[in-house]
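Using the hints, position chain U against chain Y.
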Amino acid sequence: MNSDTAPRRRSSRRRVRSSYTNLAAHGEPWVWLTAGSLGTALAMIIGLLLFITARGLATFWPLPLERVQLADGRALLGEVTDREQQVDESSGETVSQRLIRTANYELTGQHYQWIDDADIIAFAKPDWATAVERLEGGRFHGTPQYFYKDGDVVATGPAATWQEFLEIHPAVRQRAAEAKSIDRHERGHVQRELRAARLAVAQAELDFGVESPEHASAMAAEADVQERAAEEMQRFDEQTATLRDENARYEIGFLTADGTDVRMPVGEVVRGWQPNMLTWPGKLAVYLDRWQEFLTDDPREANSAGGVFPAIWGTVAMTLIMAIFVAPFGVLAALYLREYASSGPITSAVRIAINNLAGVPSIVYGAFGLGFFCYVVGAGIDDLFFEASLVADNQPVFGTGGLLWASLTLALLTLPVVIVATEEALASVPNSMREGSYACGAGKWQTIRRIVLPRALPGIMTGLILAMARGAGEVAPLMLVGVKKLASELPIDGVFPFIHPEREFMHLAYLIYDVGFQSPNSQAAQPMVFTITFLLVAIIAVLNIAAIWIRGRLRRRFETQQF
Amino acid sequence: MTSSSSAKTDPTTTAFQEDRLVAVAAGIDVPSEVHEQVAEEQPVLEIDSFNLWYGSKQALHGISMPIPERQVTALVGPSGCGKSTLLRSVNRLNDLVQSVKITGDMRLNGDSIYDRRTDVIELRKRMGMVFQKPNPFPMSIYENVVYALRIDGERNRGVLDEVCERSLRGAALWDEVKDRLADSALGLSGGQQQRLCIARAIAAEPEVLLLDEPCSALDPIATGKVEDLIQELRGTYSVLMVTHNMQQASRTSDYTAFMYLGRLIEYGPTTEIFTKPILRETEAYVTGRFG
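One line per chain: the protein sequences are Y and U, in this order. Yeah, the first sequence ends on 563 if you go by the working numbering, and it's all consecutive. Yeah, the second sequence ends on 1291 if you go by the working numbering, and it's all consecutive.
No lab work stands behind these hints, which were simulated from the structure alone. Treat the numbers as computed from the prediction; the structure is a model and nothing was measured. Accuracy of the hints is not assured; some may be wrong.
To be verified - Restricting the straight-line Cα-Cα distance to at most 20 Å, the calculated cross-link-like pairs of lysine to any residue (SDA-like) are: (1) Y:K125 with Y:P275; (2) U:K1133 with Y:D297; (3) Y:K444 with U:A1023; (4) U:K1057 with U:R1107; (5) Y:K444 with U:S1099; (6) Y:K444 with U:D1119; (7) Y:K444 with U:Q1098; (8) Y:K444 with U:I1121; (9) Y:K444 with U:N1094; (10) U:K1276 with U:R1020; (11) Y:K444 with U:R1020; (12) U:K1101 with Y:R74; (13) Y:K444 with U:R1117; (14) Y:K125 with Y:A176; (15) Y:K484 with Y:D297; (16) Y:K444 with U:V1097; (17) Y:K444 with U:T1118; (18) Y:K444 with U:G1055; (19) U:K1101 with U:E1143; (20) Y:K444 with U:E1122; (21) Y:K444 with U:E1154; (22) U:K1133 with Y:P275.
Just chain Y, with the same shape it has in the complex (with noise of 0.2 Å):
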């Protein structure tokens, strides 16, 4: 058996080594060129991925601050976030550069500064030096040297004047919260009855004219609101001026790199650290502290600083609303198109139809949105419901982008998307399953309730998690359908109704947008657009990766096993 196996091996070596001269033949080269481009697609979405976590999470990691003197007699005072290598064109040298974050904007007047490397002469790292984050006018760099109470000194030296300040500042910052709020709520609660009055006014004219009882009695109570705002708006104005005027009594200096002397009041002040001083615990509480207002709280600073979670809350809602409006919606359609049409040339056209809709620029889809949602349906529904607010205010409710609009303007430009993965679910459930049912005696929609749908939700889910990412990272047609640089309200809060769907909303994509490419600042934008943009990366894939939960749990259920 050996003996005569062994030379038709080697015969057949042979045949193999002879076949070499023709590689196509093989397929290695395919199979090499195949896993090229797989792998190259892969290497650019993991690299893609990788940078933007690296940059996003490194935002708000306390950098050391280094104290540099120039040649020429100047000193600064900064964070190095970058630096590059330049060949001088007249000398032909090398010249290394590094980019200073100097901060102190309303000193020099720039954020950053390019030093070259040459005209350092001298470097420290200062235990003391302070970075502050502000309210207004960016970051600042200094030594804290006095703390004021009352105008007075009552502290010099760094160490006891940062002692002072951590002392007072939590105290301070709660009296701002607390003025922030009464602005906010209280006063927001006011003016909402002053409109409403308003408002009751403008539609007892409009309905029973301007002699009417009706509206004399309207007029009468807007005249009693009003009088009772303006005694609470006074009562809100003593309630702020108080606190307020107990922050202004505390104050701290700081000397700048080039021992200018600023003194800001410690209300300003959001936080301070030194970066120099802390280690690697202190710099992680710095870092949890500033992800924690970045996630939950406004923003400051024309966006380029504090939190964005109008918009988190924004892209959350926004991306919710679509996929509720968009499943039964291209659910719907698919089961028409796939169960109940008969096939023909009509069919095969809106399928083709519904497939290059899904190629149409998504800014016409705005377009659409704008001209058809906002002035035609959102016109419509104020001239029937809202008629007294544009009267009263000259202001349209929902004849305006708002949340629900920019959803709906999204869930048509999702729905080719879901159709086409909707049908294809639809396709393939075996036909032996849809006959099993038939024979049980089972109606047509009996069958699909019971029979084709649960079998084809895997499918469509898969169809519903591709719309939802789209829709998430659409930033062109919302720029014209509701989404704002700036919300001041949530389209979902605590006043009755509780969902505004009229409301116009943040939205992070179009935030990177604007810190990115419309900030006046947009060095110091710049590390909050990576962060932002891994936000919204994150936010996709947590929604993704819910869907996928639930499509597996769903396919579980459906899986075939066979002996």
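Same frame as chain Y, but now just chain U:
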């Protein structure tokens, strides 16, 4: 049997056999040979000069045959002879195929199947069908069995439980699945799935049970179990079964019909069809020399 296998080489037999089947292939009408015993039985289903076209291609040519009550009737014949088409015509599953055209009629216990006034859904509820490949629905074993009742809107848990147990016992599956009725039916083995489909088909007490090659996707052991089950169903249910396994037809059926190219060639008690058929063609086919 031995004489017919020796006739394999007999030129006259071959010529005679070719006469009939060549005639059929040429589209010439050949009368069906229906044994007398068939007419003596009480029919549950009567097929009356039934013709069926897929588009312009005629798939069934003037089939007329009664299906006896509480007996197992097997349809045999080479692939493409129209036996599955005939079976699917009984519960009008062919309605789902757009290009199908029919003439003639069938009657289920005297009620016309192809009358315009017949409610197809009500009609299908009076029949049960089991397909070539097991097709359990993507739901629990319990829900699979009571599916026909569910779509009728039955909600009484007691009724459903009773039907479920009776059907599963009827399909000889109860002992194997009684502890996991809530599990997905797709987790069962192929043979169990097919018996589940039979349980589903008999849940609504059908007047006739249609089996479309119920064992062709099963391994020999599962096939044996399903065949035993068909034996047990005899006497309780009227069964019309398509098979291309001659042994299966001879083992399990009371009557056998041999079809060829959309025509009924011979129809009679299984013992006669397999031992002393009227036609040599039938003999040639059932002994495996042709087809």
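Hints, verified against the model:
For a cut-off of 20 Å, the pair hint linking K125 of chain Y to P275 of chain Y stands: about 9 Å separates their Cα positions. The straight-line distance between the Cα atoms of K1133 of chain U and D297 of chain Y is roughly 60 Å, outside the 20 Å bound, and the hint therefore fails. Our distance criterion of 20 Å between C-alpha atoms is broken by K444 of chain Y and A1023 of chain U, whose separation comes to about 42 Å. A distance of roughly 25 Å separates the Cα atoms of K1057 of chain U and R1107 of chain U; the hinted pair therefore is violated under the 20 Å criterion.
Among the hinted pairs, K444 of chain Y with S1099 of chain U is consistent with the structure: their alpha-carbon atoms are about 19 Å apart, no more than 20 Å. Under the criterion of a C-alpha separation no larger than 20 Å, the hint pairing K444 of chain Y with D1119 of chain U is consistent with the structure, at around 13 Å. For a cut-off of 20 Å, the pair hint linking K444 of chain Y to Q1098 of chain U stands: about 15 Å separates their Cα positions. Proposed proximity of K444 of chain Y and I1121 of chain U is supported: the alpha carbons are some 10 Å apart, at most 20 Å.
At most 20 Å may separate the alpha-carbon atoms for a hinted pair to count; K444 of chain Y and N1094 of chain U meet this at roughly 14 Å. Proximity of K1276 of chain U to R1020 of chain U is assessed by CA-CA distance (about 18 Å); at most 20 Å being required, the pair is judged to hold. Distance check on the hinted pair: K444 of chain Y and R1020 of chain U sit about 43 Å apart at the alpha-carbon level, beyond 20 Å; violated. Straight-line distance between C-alpha atoms of K1101 of chain U and R74 of chain Y comes to about 98 Å, which puts the hinted pair past the 20 Å bound.
Of the supplied pair hints, the one linking K444 of chain Y and R1117 of chain U holds, its CA atoms being roughly 19 Å apart against a limit of 20 Å. Distance restraint check for K125 of chain Y and A176 of chain Y: the Cα-Cα separation of roughly 33 Å exceeds the 20 Å cut-off, and the hinted pair is therefore not satisfied. For the hint linking K484 of chain Y to D297 of chain Y, the alpha-carbon distance of about 17 Å falls within 20 Å, and the restraint holds. Restraint check for K444 of chain Y and V1097 of chain U: satisfied, since their Cα atoms lie roughly 14 Å apart, inside the 20 Å limit.
A threshold of 20 Å between alpha carbons decides the hint, and for K444 of chain Y with T1118 of chain U the separation of about 17 Å falls inside it, so the pair holds. A threshold of 20 Å between alpha carbons decides the hint, and for K444 of chain Y with G1055 of chain U the separation of about 24 Å lies outside it, so the pair is violated. Simply put, K1101 of chain U and E1143 of chain U have alpha-carbon atoms about 35 Å apart, too far for the 20 Å limit, and the pair is violated. Distance restraint check for K444 of chain Y and E1122 of chain U: the Cα-Cα separation of roughly 13 Å lies within the 20 Å cut-off, and the hinted pair is therefore satisfied.
Using a Cα cut-off of 20 Å, the hinted pair K444 of chain Y and E1154 of chain U holds, with the two alpha carbons roughly 18 Å apart. A threshold of 20 Å between alpha carbons decides the hint, and for K1133 of chain U with P275 of chain Y the separation of about 72 Å lies outside it, so the pair is violated.
Checked against the numbered hints listed earlier, the structure breaks hints 2, 3, 4, 11, 12, 14, 18, 19 and 22; every other hint is satisfied.
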